[in-house]
Amino acid sequence: MNPAIEIRQACKRFGHIHAVDCVDLEIGQGEFFALLGPNGAGKTTLINLLSGLTRPDSGRLSIMGYDVSREYRQARRAVGVVPQELVFDPFFTVSEVLEVQSGYFGITDNAAWIEEILEHLDLSSKANTNMRALSGGMKRRVLVAQALVHKPPVIILDEPTAGVDVELRQALWEFVRSLNQSGHTIVLTTHYLDEAESLCSRIAMLKAGKIVALDTTRNLLKGSARRVKFQLVPDALPQKLHPFLLHRESGYHVLKLDEFSDLEPMLEILRQSGVAVTDMVLPHADLEEVFVEIMSRQ
Amino acid sequence: MKGFSTLFHKEVMRFWKVGFQTVLAPLLSTMLYLLIFSHVLGRHVEAFPGVPYVSFLIPGLAMMALLQNAFANSSSSLIQSKITGNIIFLLLSPVSYPEIFLAYVLASSVRGIIVGCGVFAITLWAVDIPLKFPLWALLFSLLGSFILGATGIVAGIWAEKFDQLASFQNFIILPLTFLSGVFYSIHSLPPFWQAVSHLNPFFYLIDGFRYGFFGTSDVSPYFSLFVVSLCLAAVSLFTLWLLKSGYKLRN
Ligand SMILES: Nc1ncnc2c1ncn2[C@@H]1O[C@H](COP(=O)(O)OP(=O)(O)O)[C@@H](O)[C@H]1O
Ligand SMILES: [Mg+2]
Numbered sequence: 001m002n003p004a005i006e007i008r009q010a011c012k013r014f015g016h017i018h019a020v021d022c023v024d025l026e027i028g029q030g031e032f033f034a035l036l037g038p039n040g041a042g043k044t045t046l047i048n049l050l051s052g053l054t055r056p057d058s059g060r061l062s063i064m065g066y067d068v069s070r071e072y073r074q075a076r077r078a079v080g081v082v083p084q085e086l087v088f089d090p091f092f093t094v095s096e097v098l099e100v101q102s103g104y105f106g107i108t109d110n111a112a113w114i115e116e117i118l119e120h121l122d123l124s125s126k127a128n129t130n131m132r133a134l135s136g137g138m139k140r141r142v143l144v145a146q147a148l149v150h151k152p153p154v155i156i157l158d159e160p161t162a163g164v165d166v167e168l169r170q171a172l173w174e175f176v177r178s179l180n181q182s183g184h185t186i187v188l189t190t191h192y193l194d195e196a197e198s199l200c201s202r203i204a205m206l207k208a209g210k211i212v213a214l215d216t217t218r219n220l221l222k223g224s225a226r227r228v229k230f231q232l233v234p235d236a237l238p239q240k241l242h243p244f245l246l247h248r249e250s251g252y253h254v255l256k257l258d259e260f261s262d263l264e265p266m267l268e269i270l271r272q273s274g275v276a277v278t279d280m281v282l283p284h285a286d287l288e289e290v291f292v293e294i295m296s297r298q
Numbered sequence: 299m300k301g302f303s304t305l306f307h308k309e310v311m312r313f314w315k316v317g318f319q320t321v322l323a324p325l326l327s328t329m330l331y332l333l334i335f336s337h338v339l340g341r342h343v344e345a346f347p348g349v350p351y352v353s354f355l356i357p358g359l360a361m362m363a364l365l366q367n368a369f370a371n372s373s374s375s376l377i378q379s380k381i382t383g384n385i386i387f388l389l390l391s392p393v394s395y396p397e398i399f400l401a402y403v404l405a406s407s408v409r410g411i412i413v414g415c416g417v418f419a420i421t422l423w424a425v426d427i428p429l430k431f432p433l434w435a436l437l438f439s440l441l442g443s444f445i446l447g448a449t450g451i452v453a454g455i456w457a458e459k460f461d462q463l464a465s466f467q468n469f470i471i472l473p474l475t476f477l478s479g480v481f482y483s484i485h486s487l488p489p490f491w492q493a494v495s496h497l498n499p500f501f502y503l504i505d506g507f508r509y510g511f512f513g514t515s516d517v518s519p520y521f522s523l524f525v526v527s528l529c530l531a532a533v534s535l536f537t538l539w540l541l542k543s544g545y546k547l548r549n
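Chains as they are written, first to last, in our numbering: chain A, 1 to 298; chain B, 299 to 549.
It is possible that part of the hints are untrue.
[As the list claims (entries may be wrong)] Partner residues are not named here, just some residues of chain A that face chain B (Cβ under 10 Å, in silico): (1) Ser102; (2) Phe105; (3) Gln239; (4) His242.
[Stated by the list, open to error] Here are the computed lysine to any residue pairs in the SDA-like style, where the Cα-Cα straight-line distance is at most 25 Å: (5) Lys546(B) to Arg13(A); (6) Lys380(B) to Val87(A); (7) Lys459(B) to Phe92(A); (8) Lys207(A) to Glu31(A).
These aren't lab readings, by the way, just hints derived from the structure by calculation.
All values reported here derive from a predicted model rather than from experimental measurement.
Glycine included, every Cβ here is placed at the ideal spot set by N, Cα and C.
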């Protein structure tokens, strides 16, 4: 089985900026994958290389086994892209836009599928509204619909929830999750790390055009430093525990905890020193922490 | 072919929906030219022997309007799509670059020919114009609209702002159309300017087109056809190469 996306040594420079710097990446069919990174990391450029909106300086990229430049027609049929920018054609209505997009993909009669997408995205009532008259959130939904007209096996969403209200965010993710369950490969970028954490099974983190972390969400979370927070009476940490102290935080001592089995000896030391534990918190590692930690390296 | 026909249809709809600006406005300005030039010059000029100046002027003006509107259609559509960003919907699709070329050129041709026919439709009741060789007239109007439609693609790809496009229009297209013998027969010019006019491809378009009406022309219609076909081939090849290269569209 071909990978959904295969990227080999892809490079793209703008002047002296290495927007994408020798990236290797493979995403399997059916994955729910997140591409994370700060602004300017190169996420959009990497997506543009995949969709053919930008040509790479070097390297090979393919979608469902089709080379994006040599076999561009098949490659583009295999992918639907929801762009980051809120672009639209002011001359047409929602359903005209979707019919035109279907036609570009060589589909003659797409009315049934268009109706279904509109239904799912809660756009049915806007079918005959001109694009100009739609709110930002509605335009975003049309972008999603446009990416789906040709039923692509691979769907790439570039910050689809930026500037979108909570309600739409949830509805959108529910829809995308159902697409993934029916077999579509999903690749997304987002600034809401909690979204990536709860939705995606694998994550790549990009920094200055390079992949700096690539692993399953579970492994990334496991890799982050575990901690334990104690509230003590009297409020003084025994000397023996000072090497573990990370920082103090509103009445708590935050200690590094490599393994859960280290907890027992810590409590033992506290007991022997005559310090009482009035509260103890084991915070969950979250992706935000992992992200900040990885991005702050070097 | 579905990709081509969709894009073609979309491009035609695009100008048709704003027909007030894209069809009626150019018709109005052409009528103003006609009114002014025929009144000012009509009594003094006889361009072709036995042909009244107004009759001589109308096919020239129709061709000028046709050329300018064919150019305006593809160039303004492309630059609008580029500036608003919605060009990506086409670029994300599998529509091939020859299909893109054909769709933009033919939609431009449709607009050019509608405006050109409009000029005749309005003047038909007032002015008597012979139509000796309709096929010649049709041939030159098609070739002219194709050349300018393709040139409009080049300009629309090259220009990044509307004022750059306006420069292209004001410094290249407009002088070439005005100095092509729309308002006069180039035989009335001094020899030097006659020679210069022969370097202007628009001259052959207008002259060949007029031949279709009057059966008279400044140069042989076969020679005009040869020059015009050569121009179309050159512009088309260049435009196709530009589209294939992804210049300014995929970077
Ligand atoms: N068309 C372009 N011209 C010049 N620089 C660009 C262009 N597109 C992107 N860049 C630069 O490339 C880098 C990566 O940008 P981008 O891919 O948009 O990042 P992200 O999507 O991760 O925020 C940035 O430094 C950006 O300024
Ligand atoms: Mg981006």
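(request) Please name the hints from earlier in the document that this structure breaks, with their numbers sorted from lowest to highest. (result) 3 and 4
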